[in-house]
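Undergrad: Listed below, chain by chain, are the residues.
There are 2 protein chains.
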Amino acid sequence: MNGAESLVHTLLASGVDTCFANPGTSEMHFVAALDRVPGMRCVLGLFEGVVTGAADGYGRMAGRPAATLLHCGPGLANGLSNLHNARRAGVPIVNCVGDQATYHRPLDAPLTADSEGWARGVSAWVRTSRRASEVGADAAVAVQAARAGHGRIATMILPSDTCWDEGGVVAAALPVPPAPAVAPSSVETIARVLRSGEPAVLLLGNAALRATAVADAQRIAAATGARVSAQMFNTRIERGRGRHSVARIPYVIELATKALAGVKHAILVGATPPVGFFAYPDKPSTLLPPEAQVHVLSRPDQDSAAALAALAETLGAGRLAPPAHETFAPATGAISSEAFGRSLAALLPEGAIIADESITFGRALFPMTHGAAPHDWLQVMGGSIGGGMPLATGAAIGAPGRRVVNLEADGSAMYTLQALWTQARERLDVTTVVLANRKYAILLGELANVGANPGRTALDMLDIGRPDLDFVRLAQGMGVEAARAETMEAFNDLFAQANRRPGPFLIELATD
Amino acid sequence: MNGAESLVHTLLASGVDTCFANPGTSEMHFVAALDRVPGMRCVLGLFEGVVTGAADGYGRMAGRPAATLLHCGPGLANGLSNLHNARRAGVPIVNCVGDQATYHRPLDAPLTADSEGWARGVSAWVRTSRRASEVGADAAVAVQAARAGHGRIATMILPSDTCWDEGGVVAAALPVPPAPAVAPSSVETIARVLRSGEPAVLLLGNAALRATAVADAQRIAAATGARVSAQMFNTRIERGRGRHSVARIPYVIELATKALAGVKHAILVGATPPVGFFAYPDKPSTLLPPEAQVHVLSRPDQDSAAALAALAETLGAGRLAPPAHETFAPATGAISSEAFGRSLAALLPEGAIIADESITFGRALFPMTHGAAPHDWLQVMGGSIGGGMPLATGAAIGAPGRRVVNLEADGSAMYTLQALWTQARERLDVTTVVLANRKYAILLGELANVGANPGRTALDMLDIGRPDLDFVRLAQGMGVEAARAETMEAFNDLFAQANRRPGPFLIELATD
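Just so you know, the sequences run in chain order D and B.
Note that our numbering gives residue 1043 to position 377 of the first sequence, counting from 1, and the numbers run on in steps of one.
Note that our numbering gives residue 1092 to position 426 of the second sequence, counting from 1, and the numbers run on in steps of one.
If you're looking for bench data, these hints aren't it; they were derived computationally from the structure.
Please note that the accuracy of each hint is not assured.
You can't tell identical chains apart in this list, so a pair holds if it fits in one copy or across any two.
[Said to hold, decoys possible] When the alpha-carbon atoms are kept at most 20 Å apart in a straight line, the in silico EDC-like pairs for lysine to aspartate or glutamate are as follows:
(1) Lys1105 <-> Asp780
(2) Lys930 <-> Glu920
(3) Lys1105 <-> Glu1092
(4) Lys949 <-> Glu832
(5) Lys930 <-> Glu864
(6) Lys930 <-> Glu832
(7) Lys949 <-> Asp831
(8) Lys949 <-> Asp774
(9) Lys924 <-> Glu1092
(10) Lys949 <-> Glu904
(11) Lys1105 <-> Asp701
(12) Lys924 <-> Glu864
(13) Lys949 <-> Glu920
(14) Lys930 <-> Glu854
(15) Lys1105 <-> Asp1178
Whenever a hint applies, use it, and build me the whole structure from the sequences.
TA: Printed below as a string of structure tokens:
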């Protein structure tokens, strides 16, 4: 058995059975091993950002790591920004990077690069395998490292000779410790804070945003008068009809500080302290009032759901009736963010997964869909543009049978558009809605935020409508059927049709 | 004056007047400064790999650095692989990366990443500016660092407050030392080696591949019996009708070792010792015979052209008559690599710039175009796929008035396809020929090279024809006119037309 075969066997034994790949020469033995070892689903991406972003989406929905397969340092580099997003999302990924043979690396052939150095910024664990006999053991540790905490990126760098040499040894799966429990004393402390009656907010992140946990947070709020809010960006929120809803901290600094005004106690439940996405001249960097005290019920890697349940019991918080949400009929007429939100709320299929990279146009969508059919809402967590389409791709593979709806701003869509081809190839049930306003609208706002008065050159840098992007042709060019909607009626028809049929479909929604 | 304004003024004062950009919020003051300070040409890319690859192409043709403008660590990450290519090409780039404000960075907002760490692997010089008053001085040093040697990447990281704070100071341009001369004693040493009459090869790289230098190398060869070869990959070769030609070391190991068989003396002229692009089981890593002695006439950063001229004089090598190259008529009938080579040789416009990422299908093209109209030939130097289309884009901006012909394999085209939009927006004179064989043909060869016998899963990973990519629609979707050629006659017509009219055009050439 060669090293590559021991790698595939070990990954399978450790529960990793999906591999997103963009292989090159140094990975050919891994590819050959996939033939000889059955059981690994391989999904090809035409660009590494698709591969790593899909592994993010897969991990969020499947709850276990996929493997990647990337080609040398530069292939890793192309995947880094979506690994950054996955790291921020706390998603487990076993990130496999092929590399020059151990004895070839010192010769500094053109593709040679500092793979370890580049991997470190996104990885909780990095190891370069030294010989074929150690690849299996390295892989088992990598899976364990990826599954530790609430999910991390473990990067294995595989010199090609460690893959082709004989002497591979399959390693058994290593135990993965469960999420650490929150100590009863911490629950007691938080209960005391809440009983004080002083203005408090429960800030939810990560596992605290599953439906049951949100319901527990809301009954705590009802019993104590505390507010509840999700973080600004979140890995996965279970929500929709019949589920208790939760607002998010707004992106815009003024709205965020307003939402948190008067708070005396911020209680973190799987969340981190809220800070501005960026700094701006003469605006605060942190979003809580200066006098607010920060308390931790649970860290992001802890069992936040159990902690909330225990806190609710400690407080004697009663169960709440299922919430009644505002419902909408599909919108007609002119296209607007609000109209789109109505139609989305009305037409979203049951069990949908929303991959949200809708940026400026999309800010109205989350608040309007509390009463949509039950669904999961995924955000691009690290703020690196281009995560949305790969995220949708991987989510569809991680949760087969559920419709994925990708809300994608046009500027963002152009970063990792190649994901559409993988959707077509794998016949994934993804409906992409490109919100085509033909500008970097968020940056026009940001330019105003920094106090600049834009002239011609600046406006040129923020205008992507010269020439216009035609997303229908772009999608068709990658084998995905597509159509453009210029009225809400047209959108409603296309959206309903797209969600009923198998496979991917793209709708270009003409917005302002 | 704020820091951003001092940056733009200093770049202009140092001779940097072109900026390839994909800005974000943290760069809004730079963007605003571009309005207030006239003279900087800004070129927008929809993805950072376009930005950095275009800076590579620009630097190669303009002979001086462009600036980039990237958004935080993840934006830098998206540009790394083409920076890797540019580093290997010895191209000067002033790589500007915006970042979180100095006081905001410790809060670890989502986009925060290890920008310095990621930059180091591609940069000869990295500096994070500390305050607005230092940005100008930092920029002047960055330009100097970029222009040192034969061209390097200097990365400036600009926290947003160093851009928006007042107190910017414009810095004067710093001197750039000329390429170090080769000592006369080194020329004498090499002359003695060549006079020995033992089998020798002059290995040319970098500045040794301009037309005059190649002519000097060939007259040295004629006088001494030495062979002449260019490196496997080269930044820029001046060639074509009336110019002396030079072969390159082949990519395939067996062909490379055969080409260098019997060599007793390898004389490096701006080149590095030849090594395999990859290692393979039971094949050599280095390409020279084990008994060959390696001599250095000039390092890549030295004045190789002057060294060759001095060596030719020392050896008393006579001037050669202009060479007579084989010429071709445009090919007719079925499409093949050889037929394409004939048509390219026949139809290439005078003064063209070829950006070559033609991979497997393209291997016949270089040898067949020695007698084409005079042109420059640029290769993707670091081996990171996806450099070709951005390279073509930047070359067109760095050498206005010349036609750029981008020979692009279909698999490679899908990495950084967004470059087409920039070509349309800037109305660049680029003819792209996508060689559409609908597979990763090079990897099928590599799979055989590593001794693997591919099965269904492996073949699936190397097949990009399910679904077929339609490059005509993809180009049209980004505003570039395009057509598909299924015969050589159709190609000849399209190619001639495309090269005659201003602006970009894409031809999808149906190949096997």
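Undergrad: Confirm or reject each hint.
TA: Now the hints, each set against the structure:
1. Lys1105 <-> Asp780: neither (36 Å within a copy, 29 Å between copies)
2. Lys930 <-> Glu920: Result: close within a single copy only, 18 Å intra versus 73 Å inter.
3. Lys1105 <-> Glu1092: between (31 Å within a copy, 17 Å between copies)
4. Lys949 <-> Glu832: This pair counts as between: shortest inter-copy Cα distance 17 Å, intra-copy 61 Å.
5. Lys930 <-> Glu864: within (6 Å within a copy, 86 Å between copies)
6. Lys930 <-> Glu832: For Lys930 and Glu832, the Cα distance exceeds 20 Å both inside one copy (63 Å) and across copies (36 Å).
7. Lys949 <-> Asp831: Classified as between; 14 Å across copies, 58 Å inside a copy.
8. Lys949 <-> Asp774: So Lys949 and Asp774 pass the 20 Å test across copies only (17 Å; inside, 48 Å).
9. Lys924 <-> Glu1092: Classified as neither: same-chain Cα gap 45 Å, cross-chain 44 Å, threshold 20 Å.
10. Lys949 <-> Glu904: For Lys949 and Glu904, neither the intra-copy (33 Å) nor the inter-copy (55 Å) Cα distance is at most 20 Å.
11. Lys1105 <-> Asp701: between (46 Å within a copy, 18 Å between copies)
12. Lys924 <-> Glu864: within (17 Å within a copy, 82 Å between copies)
13. Lys949 <-> Glu920: within (8 Å within a copy, 64 Å between copies)
14. Lys930 <-> Glu854: For Lys930 and Glu854, only the intra-copy Cα distance (18 Å) is at most 20 Å; the inter-copy one is 81 Å.
15. Lys1105 <-> Asp1178: within (9 Å within a copy, 39 Å between copies)
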